[in-house]
Every structure is written in C-alpha cells, then in structure tokens.
Amino acid sequence: MTYQADQVLDCSGLSCPMPVIKTSKAIKTIEIGQILKMIATDPGSQADMEAWSRQTGNEMLASLKEGDKFVYFIKRSK
Amino acid sequence: MKSDPNAPKRLAMIASKGTLDWAYPPLILASAAGAMGWEVGIFFTFYGLPLLLKDLKPKVSPLGNPAMPMKMPFGSQSFQGINWPIPTLAMALPGFNDLTTTLMKQTFKNKGVASIPELRDACLEMDVNMIACQMTMDVFGFKKEDFIEQCTVGGAATFLEYAADADVQLFI
Numbered sequence: 001m002t003y004q005a006d007q008v009l010d011c012s013g014l015s016c017p018m019p020v021i022k023t024s025k026a027i028k029t030i031e032i033g034q035i036l037k038m039i040a041t042d043p044g045s046q047a048d049m050e051a052w053s054r055q056t057g058n059e060m061l062a063s064l065k066e067g068d069k070f071v072y073f074i075k076r077s078k
Numbered sequence: 001m002k003s004d005p006n007a008p009k010r011l012a013m014i015a016s017k018g019t020l021d022w023a024y025p026p027l028i029l030a031s032a033a034g035a036m037g038w039e040v041g042i043f044f045t046f047y048g049l050p051l052l053l054k055d056l057k058p059k060v061s062p063l064g065n066p067a068m069p070m071k072m073p074f075g076s077q078s079f080q081g082i083n084w085p086i087p088t089l090a091m092a093l094p095g096f097n098d099l100t101t102t103l104m105k106q107t108f109k110n111k112g113v114a115s116i117p118e119l120r121d122a123c124l125e126m127d128v129n130m131i132a133c134q135m136t137m138d139v140f141g142f143k144k145e146d147f148i149e150q151c152t153v154g155g156a157a158t159f160l161e162y163a164a165d166a167d168v169q170l171f172i
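Protein chains in written order, with my numbering: chain R, 1 to 78; chain C, 1 to 172.
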C-alpha cells in the first residue's frame, strides 16, 4: 500500500542516526496531516523509524521494503 | 520522580573520552534523542572535554584498543574483509595514529556515517545542552574561549541536578 506524499526525503546511503535526524527536520517543514515519504538504505532504519514514530507521536502509515530500499510514509500528527 | 511531570523526556550523558571512536556514541545518541524531541544534556569531562574545542580534530590509536578491527577501506570486497595482523610494536611507530585515523575516517565515510563535526553540528542545531567541566578546564589549561560558544561551564553538582530529572542517564 502506498500513499500520496506531500514531500519526499531521500536518505539513501546514510547511516544511523542521519535518517532519523533528517526525518525530524523534514517533518517540521510540512503541515499537520500531510505525509512525508522517506527512503533509506540503512537496514537499521526499520527499527529506528518505528521508535522515532512512537517517541514523537508522528504516525507511521507504512514501512515498506522495495528491493534494497526501505520506504516509509509518515503522517505529521502534531 | 521528575520535578515537572509534563516535561519532555530527558537524556543526560557524561562524555569522558575524546578519541575519534569514542566521540561517536555520545554524539550519535544525543542527536538521535534530539530528533525524537527529547531534551539532551552532555557533560564533557576529562578526555571528553576536547570534543568542545572550536577546532575539532579527534584521532584514534589502535594502542590500548586490542579489539579494533584493522581493515582497509579500499580495494576489492575480499581485500576489505582482511583483518590485518599488526604487531603491537608497529602501532607505536610515528605516524601510525594518523594512518589509523585516516583509515577509520575513510571507512566511516564509505559506510555513510556522519563525521564527528557533522554530528556535533546536528546536536547544536537541536539545542543539545553541552556543559564543559570546569575542573577539567583548570587541570588541562583550557579557557572558555577555546570552546564553541554554545557550551556552558559547570561542575559535578550542575550535572547531577540536570541528571536527577532525566529519564536516561549514561556514562560514556
């Protein structure tokens, strides 16, 4: 399942903790209710993005694996 | 019990080591916690204090780090997989620390790991509270103006008061 993203952030090639840091910056640039699509290649980002979502309260709509990429759809909730 | 139950989560860390390898854990954790909306404070003491210097150039030595893998960041995959058996005496040769530092920086860069200055900048951008240990400054002869201007200066009581209200406390 995919969503219509309002903004796309590519974190391919970046290691922990950069995907989380860049996501936290990017989410602040969209409106509440809008969707951020984040792409990463770091396998650790799967667990990290779930934790980030729980800690910040922004909703993880989908966490997908497409080939060697990890794709996340996150809704800014607050 | 936290003095303000509505306050955001807080991470309090002591950074006591300033080599390239040991600079990573506190800065990675601080920037990740900042990204999760936590309040973060790091108390830089003893050998961790130079991480606050304006000109930040941490180095690493394999001496005293017996578990450090000695691998090359270039060449074929199988060449990069070799763990070189370097005699301890060779590690003490002049220039060996610079060589190890260069190789470690290159390996980290190849793997997409941010540099120490980049991570420190990310922490500062997220308002991580950086506290320089006054006693260590006096002992090693550092002045406040040697450090980045965002840091504050404090002592054991300053850190303990901050840490008493923290959800996570780490000594690194």
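Among these hints, one or two may not hold up.
[Said to hold, decoys possible] Derived Cβ-Cβ restraints for the label pairs, each shown as a range:
1) R:28 / C:6: 20 to 28 Å
2) R:69 / C:110: 16 to 24 Å
3) C:169 / R:78: 36 to 44 Å
4) C:7 / R:77: 40 to 48 Å
[Said to hold, decoys possible] Quick list of in silico lysine-lysine cross-link-like pairs, DSSO-like style, CA-CA up to 30 Å:
5) R:22 / C:105
6) R:75 / R:37
7) R:22 / C:59
8) R:69 / C:59
9) C:109 / R:28
10) C:105 / R:25
11) R:37 / C:59
12) R:65 / R:22
Honestly, the hints are just simulated from the structure, not real lab data. Positions of the beta carbon are idealized from the N, C-alpha and C atoms, including for glycine.
Cross-check of the supplied hints:
At roughly 21 Å, the beta carbons of residue 28 (chain R) and residue 6 (chain C) sit within the given window of 20 to 28 Å. For residue 69 (chain R) paired with residue 110 (chain C), a C-beta distance near 19 Å keeps the hint of 16 to 24 Å intact. For residue 169 (chain C) and residue 78 (chain R), the Cβ-Cβ distance of about 27 Å falls outside the hinted range of 36 to 44 Å, so the restraint is violated. Here the CB-CB span from residue 7 (chain C) to residue 77 (chain R) is close to 20 Å, at odds with the stated 40 to 48 Å.
A C-alpha spacing of about 22 Å is found between residue 22 (chain R) and residue 105 (chain C), which places the hinted pair at or below 30 Å, so the restraint holds. Our distance criterion of 30 Å between C-alpha atoms is met by residue 75 (chain R) and residue 37 (chain R), whose separation comes to about 9 Å. Restraint check: the Cα-Cα separation between residue 22 (chain R) and residue 59 (chain C) comes to about 27 Å, which is no more than 30 Å; the hinted pair holds. Using a Cα cut-off of 30 Å, the hinted pair residue 69 (chain R) and residue 59 (chain C) is violated, with the two alpha carbons roughly 33 Å apart.
Distance hint between residue 109 (chain C) and residue 28 (chain R) is fulfilled; the C-alpha atoms sit about 27 Å from each other, no more than 30 Å. With a CA separation close to 26 Å, the supplied pair residue 105 (chain C) and residue 25 (chain R) stays within the 30 Å bound. The suggested pairing of residue 37 (chain R) with residue 59 (chain C) is violated, with an alpha-carbon distance near 37 Å, which exceeds 30 Å. Straight-line distance between C-alpha atoms of residue 65 (chain R) and residue 22 (chain R) comes to about 19 Å, which keeps the hinted pair within the 30 Å bound.
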